[in-house]
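Just so you know, the sequences run in chain order A and B.
Start counting the first sequence at 1107; every next residue gets the next number (the numbering used here).
Start counting the second sequence at 29; every next residue gets the next number (the numbering used here).
It is worth saying that the hints were derived from the structure and are not from the lab.
Don't be surprised by glycine CBs; every beta carbon is placed ideally from N, CA and C.
Wrong hints could be hidden among the right ones.
What the hints assert, rightly or not - Under the rule of at most 27 Å between Cα atoms (straight-line distance), these lysine-lysine pairs were calculated in the DSSO-like manner: (1) B:86 x A:1202; (2) A:1133 x B:33; (3) A:1150 x B:70; (4) B:86 x B:43; (5) B:33 x A:1150; (6) B:85 x A:1202; (7) A:1203 x B:96; (8) A:1203 x B:70.
Said to hold, decoys possible - Facing chain A, according to a computed beta carbon distance under 7 Å, are these residues of chain B, among others: (9) 72; (10) 131; (11) 133.
As the list claims (entries may be wrong) - Derived DEER-like restraints, expressed as beta-carbon distance ranges: (12) B:70 x A:1172: 23 to 33 Å; (13) B:45 x A:1158: 46 to 56 Å; (14) A:1174 x B:140: 44 to 54 Å; (15) B:111 x A:1113: 21 to 31 Å; (16) A:1203 x B:44: 33 to 43 Å; (17) A:1172 x B:141: 29 to 39 Å; (18) B:57 x A:1122: 36 to 46 Å; (19) A:1182 x B:57: 29 to 39 Å; (20) B:110 x A:1158: 44 to 54 Å; (21) B:111 x A:1214: 19 to 29 Å.
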Amino acid sequence: NAGVMQNPRHLVRRRGQEARLRCSPMKGHSHVYWYRQLPEEGLKFMVYLQKENIIDESGMPKERFSAEFPKEGPSILRIQQVVRGDSAAYFCASSKKKETQYFGPGTRLLVL
Amino acid sequence: QQQVKQSPQSLIVQKGGIPIINCAYENTAFDYFPWYQQFPGKGPALLIAIRPDVSEKKEGRFTISFNKSAKQFSLHIMDSQPGDSATYFCAAATQGGSEKLVFGKGTKLTVNP
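Chain B extracted, bound-state conformation:
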């Protein structure tokens, strides 16, 4: 049973475009939603995280939008650059993130020059 569904599986945009990655969850006990960026051969690195008491959070070019009633959240990357090409994972956890992370299957993003 997949508790966090992520789409699309892959995404190609031109430099300057705004890729959007979507995630949906089932467990209403989730209260912490991070996004991780992973480059080939590396470990996941935290990009940005949100808690359900806010509907949007922005850090630099990265924005999370959160819709609690729909149980959905998404990542937007403004002014995307070739260096943003990586795999992005959404995740969810209970207890403010102190418990295990449940990951989506990932989105492979390619930003063409």
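Extracted from the complex, chain A is given alone in its bound form:
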């Protein structure tokens, strides 16, 4: 029974490039959440998606960031024109409705 899977685990980008982070939820889970963790900080909510729908994107920066969870395939968090301040660990979590959120191992993004 595989847990939440994220790839890549580590991603290095130069300023101005695009970063694509992927998240495959646990089997049977239709809810996906993305969180960002800065060094020595707690996790900050970014976006909550169900299949083909964005439910809550109140934590997403207004520009350069987007997320999707298509009918088929993983959820994608996309960061366009990355800047150094985007360097962080990005975690995906999945759940069934009104149940525990299970976290993946994260993608550590480094912007040079």
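For chain A, the structure is supplied; the task is to place chain B on it using the hints.
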């Protein structure tokens, strides 16, 4: 605006000690309070969670105490072991946890042998 305040920031105890981590929240709509454990380079793992209709929940060596009137909850680790050394995060959510989690800033626990 930080909705969940966690303390202390770091904590060092000897093996067998009982570290206590405290959290306070502001939003009275929160109705789900989980604790997560995170080891370096890993994702957070759910440790234990409580809902406001109970004042205490115990799972193995981990106990959550919940004080609804004070809007506070805490994690106690009985008979702590060096393997418990990790960062612990409290969190809160509405709608039974189906909505976003609001995290505290974390407590780095070190258990010395």
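Earlier hints that do not hold, by number: Checked against the structure, the hints that fail are numbers 2 and 17, while the rest are satisfied.
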